[in-house]
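Heads up: the protein sequence lines correspond to chains D and E, in order. Residue numbers for the first sequence follow our numbering, beginning at 355 and rising by one. Residue numbers for the second sequence follow our numbering, beginning at 11 and rising by one.
What the hints contain is simulated information worked out from the structure, not anything from laboratory work. Do not rely on the hints blindly, as some may be mistaken.
[What the hints assert, rightly or not] Derived CB-CB ranges, DEER-like:
| id | chain 1 | residue 1 | chain 2 | residue 2 | range |
| --- | --- | --- | --- | --- | --- |
| 1 | D | Asp550 | E | Ala146 | 46 to 56 Å |
| 2 | E | Gln140 | D | Glu574 | 18 to 28 Å |
| 3 | E | Ile159 | D | Gly617 | 54 to 64 Å |
| 4 | E | Gln140 | D | Arg750 | 22 to 32 Å |
| 5 | D | Arg379 | E | Thr139 | 34 to 44 Å |
| 6 | D | Glu716 | E | Ala150 | 19 to 29 Å |
For glycine and all other residues, C-beta sits at the position ideal for the given N, C-alpha and C.
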Amino acid sequence: MTDKIIKVDMLARVEGEGAFKVVVRDGKIVGTEFRIFEPPRFFEAFLQGRDHTEAPDITARICGICPVAYQMSSVHAMEMALGITVDGPLRDLRRLLYCGEWIESHVLHAAMLHAPDFLGYAGAIEMAKDGHGDVVKLALEYKKAGNAIVSFIGGREIHPINVRVGGFYKVPRKADFAPLREQLLRARDLAETFVDWTASFDFPDKERDYTMVSLAHGTEYPMNEGRVVSNKGLDIAVTDWPAHFREDHVAHSNALQGFMVDGGAYLCGPVSRFNNAYDQLSDRAKAATQRVGLPRDCKNPYRSITVRAVESLYAVDEALRIIDTYEEPDAPFVDYAPRAGIGMAATEAPRGLLFHRYELTEDGSIKTAQIVPPTSQNQPSIEQDLQSFIADILDRPDAEILHLCEQTIRNYDPCISCATHFLELDIDRA
Amino acid sequence: MTAHKRPLVIGIGNPHAGDDAVGLLVAQALRRAGYDGEVVENPGIAADLISLFEGHDHVILIDACRSDAAPGTIHQFDANDAPLPPFLTPVSSHGYGVGEAVELARALGMLPAICMVWAIEGVEFGVGTQMTPAVARTIAKCVAGIGDISALSGSLPPHWM
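Let's have the full structure, built from the sequences with the hints guiding it.
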């Protein structure tokens, strides 16, 4: 093989760049168009004709960061179609697995992708080089606790393989949890520090009166199940989701955008969960919230970075609670016979509500699949944020506007957000 | 020679995105060939890559890339020699990938003593697409190449020789 360096100026895995177009007339914004990549459409077609048991593993491939979310929404939807209920220790293990993913995803996004926006760096590398190396190392160590949970329950860190319809292929013995428990106890201290760090930033003084949509569960912070609620009075069963929400094609993007049936945009994700389910946070998470002055009624989307840190702390707490109360189940999964049916489920991916709907044939193969990811639901809200938040800085240099746009989009932790500079900004000033 | 002294090989990519799967396929082929060092597959999450570096002084990262070079060209970089070229900064789905992992590890003093990056020139990265034949042919070359590198520092299974 040669050992030659060739200049390469394009990117691997370019799954679509973000683009934001602003039309300005007479100093006022008269139009905005936001476009990002949306991967699940391929998978909806790919699933058709496959056996229902393949859905968890196939949908896990949609996102390298939140495979558990896709697995959880798919298995819950399948179980509804098949008429089975998974509860007790198996339900707890699913929640534990989800805790791991929340920690992994939130810490990665907050520390590596979003924090540099607040501290004035181009990215985490520049941040690490300029005196913030210790906090970057803290985040790497903290994130490992999430990876450890996913690896322990899911079988491996990336694209877990232990999840199946009805439960798991294998379940851990209670005694096996000891090293993970010790790691989580250490991570809890890191989590507290991390909340404080994210709360120390200067936040743009901007708010909007969002319709905040999330799952809600009477006794626990929403993850795997619950009713779909909003801060504006919505309170429906997940099976009523199609009657209250819709996905539209918009002319400027090949991705679908999520709206409420009345055409209104809505917000899903950490800030919505925090507002709708604050009471279900752990005492430690609530104490951290109060310590850093995070408003109970949080309408500033830039504070989502601290909300993510609080949710991560909660996830560590919740993981420890589950481990401490775990009793080994009689069987690793609930057995069942395939049948025809329709199943729907929503779970809380780190970045928001993830809805799945499947129609199964009598032999258990998938006739239709619908996957509504949080990013497509949040796209209209992102557009409205951008339009609202840059209106008063249109006279500033484009670079400054671009920075605020990217920072704003990263509030949502959408798929595209990992790129340091991902947005093509087109300001049409005519 | 103990297994952990062989290079850690990290294959990176997306199995559903055409040529982007090549790093993962090299890792899988390496395992099938009986490589007795550690082999890991990763979608290209920088934070996880840095964690994987820990405890290893010799790492080979294999990823796909795209430029104006011919499909199947294997670009090799010694990360300790110089900063990696911009193409190793992917815009992947949350990837924040190889380029960032290496540069962040460098900034944190966590870069392995030997850190090679092999970037395989691809042309088709669409979700649901097939791998380009020229890219698929590099898999065997990479497996052989890793065997050559390992041969420099210890005995190898017979089928490597």
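Now the hints, each set against the structure:
Range check, Asp550 (chain D) to Ala146 (chain E): Cβ separation about 50 Å, and the 46 to 56 Å hint holds. Checked against the hint of 18 to 28 Å, the pair Gln140 (chain E) and Glu574 (chain D) fails, with Cβ atoms roughly 44 Å apart. Look at Ile159 (chain E) against Gly617 (chain D): about 59 Å separates their beta carbons, and that is inside 54 to 64 Å. Checking the proposed 22 to 32 Å range against Gln140 (chain E) and Arg750 (chain D) shows it is violated: the Cβ atoms sit about 46 Å from each other.
Distance hint for Arg379 (chain D) and Thr139 (chain E): a CB-CB separation of about 41 Å, consistent with the stated range 34 to 44 Å. Taking 19 to 29 Å as the suggested C-beta distance range, the pair Glu716 (chain D) and Ala150 (chain E) does not conform, at roughly 44 Å.
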